[in-house]
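As given, the protein sequences belong to chains G and S, one line each in that order.
Be aware that the first sequence starts at 1, since it is given in this note's numbering, and climbs by one per residue.
Be aware that the second sequence starts at 281, since it is given in this note's numbering, and climbs by one per residue.
Be aware that a few hints might be false.
What follows is a list of derived Cβ distance ranges for each label pair [as the list claims (entries may be wrong)]:
#, chain 1, residue 1, chain 2, residue 2, range
1, S, Asp402, G, Leu7, 34 to 44 Å
2, G, Leu33, S, Asp402, 27 to 37 Å
3, G, Arg174, S, Ala365, 27 to 37 Å
4, S, Leu436, G, Arg194, 52 to 62 Å
5, G, Ser180, S, Gly531, 37 to 47 Å
6, G, Tyr269, S, Phe343, 25 to 35 Å
Treat the hints as calculated values from the structure; they're not laboratory data.
Yeah, the Cβ is synthetic: ideal placement off N, Cα and C, and Gly gets one too.
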Amino acid sequence: MKQWSLLLWLYALLVVGLPLAGLFNAFLYSVGLAGPLATGFTARYWQQLPGETSLLASLGFSLYVAVVSVGLAIAIALFLVLRHQAALRRRPFPTLLYVPLLFPSLVMAFYLFQLLSGSGWLARMAYQLHLIQSPDGFPELIQDGAGIGILLAQVGLAFPFFTLLFQSLYVDARLDDLRSLTRTLGASGWQFNRRVAIPILIRRAAPTLVLYGVAVLGAYDIPLLLGRNYPQMLSLFITTKLQRFDLSDLPMGYLIGCLFTLVLMAVIYVTTRWTQRHAL
Amino acid sequence: MPSDQSKPVQDAERLAALPDAGPRNPEPAGFLRRSILAGGLLLLFGLPFVLLLLLALGQYWRFPDVLPPVYALDALTRVVSADSALATGFLLSLLIATVVAVVSTAGGFVVARAIAGASRPDRWVTLSYLPYALPPVLLAVLIQPYFIRLHLSGSLAGVVLGLLLITIPFAALFFRSFWGEQAKQYEQLSRTLGCTQVQAFRWVLLPLARPLLITCLFQTFLIAWFDFGLTNYLSVGKVQTLTVQVFIYVGEANSRLAAVASLLLLIPPALLLWVNRKAIVRRVF
Numbered sequence: 001m002k003q004w005s006l007l008l009w010l011y012a013l014l015v016v017g018l019p020l021a022g023l024f025n026a027f028l029y030s031v032g033l034a035g036p037l038a039t040g041f042t043a044r045y046w047q048q049l050p051g052e053t054s055l056l057a058s059l060g061f062s063l064y065v066a067v068v069s070v071g072l073a074i075a076i077a078l079f080l081v082l083r084h085q086a087a088l089r090r091r092p093f094p095t096l097l098y099v100p101l102l103f104p105s106l107v108m109a110f111y112l113f114q115l116l117s118g119s120g121w122l123a124r125m126a127y128q129l130h131l132i133q134s135p136d137g138f139p140e141l142i143q144d145g146a147g148i149g150i151l152l153a154q155v156g157l158a159f160p161f162f163t164l165l166f167q168s169l170y171v172d173a174r175l176d177d178l179r180s181l182t183r184t185l186g187a188s189g190w191q192f193n194r195r196v197a198i199p200i201l202i203r204r205a206a207p208t209l210v211l212y213g214v215a216v217l218g219a220y221d222i223p224l225l226l227g228r229n230y231p232q233m234l235s236l237f238i239t240t241k242l243q244r245f246d247l248s249d250l251p252m253g254y255l256i257g258c259l260f261t262l263v264l265m266a267v268i269y270v271t272t273r274w275t276q277r278h279a280l
Numbered sequence: 281m282p283s284d285q286s287k288p289v290q291d292a293e294r295l296a297a298l299p300d301a302g303p304r305n306p307e308p309a310g311f312l313r314r315s316i317l318a319g320g321l322l323l324l325f326g327l328p329f330v331l332l333l334l335l336a337l338g339q340y341w342r343f344p345d346v347l348p349p350v351y352a353l354d355a356l357t358r359v360v361s362a363d364s365a366l367a368t369g370f371l372l373s374l375l376i377a378t379v380v381a382v383v384s385t386a387g388g389f390v391v392a393r394a395i396a397g398a399s400r401p402d403r404w405v406t407l408s409y410l411p412y413a414l415p416p417v418l419l420a421v422l423i424q425p426y427f428i429r430l431h432l433s434g435s436l437a438g439v440v441l442g443l444l445l446i447t448i449p450f451a452a453l454f455f456r457s458f459w460g461e462q463a464k465q466y467e468q469l470s471r472t473l474g475c476t477q478v479q480a481f482r483w484v485l486l487p488l489a490r491p492l493l494i495t496c497l498f499q500t501f502l503i504a505w506f507d508f509g510l511t512n513y514l515s516v517g518k519v520q521t522l523t524v525q526v527f528i529y530v531g532e533a534n535s536r537l538a539a540v541a542s543l544l545l546l547i548p549p550a551l552l553l554w555v556n557r558k559a560i561v562r563r564v565f
């Protein structure tokens, strides 16, 4: 038993200790006690935080991308699972839905860049069909203000995964039997979906959906290729601040990184505890 | 732990066990609807392969041409030439992903055993989620100052260690379902029958865990293979894996080589999909 306990403490030191030490270091940077420009304790950076309009824009944009892309992916997956249940059990769907999972997010971003940019494949087709006269005539679908390219990439990666997830939960919860039962009791198909199937599927999938949302909130690869310089998604905003030549940006970069990590850790903690408590 | 301990593996098995063919539906309307849906998804999922192949093979492909005027294999043949950056990147990615997969699968298996025997396994499970669920680039931001001090920044060892911080907790969470009552009973039985602890581990528990070990090996390989943010940040662009090369080529507006690197990135996961579907889906809840 002693060697197991030693192993666990080594594990804790490596996988939790190092990130926590990093978090502490980031905090020290934010109060002027660490870093190349450290001059002693100061609350200056914390006081400047509410005035960082670019941070608020970045936070808002990240939340918007996470909520909209995960929401859309859930809606598409639910539509496929509930409206095309019989089809999903037949070839080629069980294999077909795995195909998008082969794509690293960077490759998905590169593909959409080549497809949707002003001189991309769709724009070339539109030109040949005389729908546009030049690349400028094609609507902005990447590096645009609304983050359409980012949303499309995130939804394209997420909805096949959610469909597989909901499909497995659908089978596990024996929703086909419940559907028959509710139909016998006089409920319509829409009532079954709204009052029985969707609540069961969402509740069971909730932890995975929340963690997926966290991953999208902290996404880096896709916004790096398909996003604008302003507003940036949070991970990109933080790394940009930390990689600038201006060393005076470091404390603010670490402060935002520290706060963002703490918020995500709290979300992950609450989600996992909730999962354990409800034995999901 | 409550009954959710066996959940991840059950979920993975359920996903893999989804039937390929349901009862026959003779309705023509159902057939038509299924065909339209299949056609739509095939188009959606097949288009990236078509466009990437066109980009890799096409030469002098400029706006407004819909198809390349000339096709050539020179970009693809660069992969097999020993001194090319693409070949080096491919081998480097393969090396990093293999080392990470082997170390984290072995480590995660043992750590999960330790967690199962701990007095408060729930707490260890929650702790394991923190590094695994944090966005990798954020983790890299946090640990980079220490990596600089330890001279690990910009090195292969630093990238491997950084990835292990994500994959070992993942593997530990993945294996927690294995170390339930059944595994304990098998271990006790083999000890009662005269096995030493090492023999019980080697001849009873390892064979029992073999399917899970293989799946975990595949999944941790893919985590490392797909990673870009953490690798690029920790290596400050010096360890040029395939994902880093895709980004570099995109920055240089060299879409041909970016497409070749992208296609190379798809090979291992496609092989895994062919061998074992459940190896692709990464889930620990």
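Status of the hints after comparison with the structure:
no.	hint	result
1	Asp402/S with Leu7/G: 34 to 44 Å	violated (18 Å)
2	Leu33/G with Asp402/S: 27 to 37 Å	holds (35 Å)
3	Arg174/G with Ala365/S: 27 to 37 Å	violated (53 Å)
4	Leu436/S with Arg194/G: 52 to 62 Å	holds (53 Å)
5	Ser180/G with Gly531/S: 37 to 47 Å	violated (56 Å)
6	Tyr269/G with Phe343/S: 25 to 35 Å	violated (50 Å)
Hints 1, 3, 5, 6 from the earlier list are contradicted by this structure; the remaining hints agree with it.
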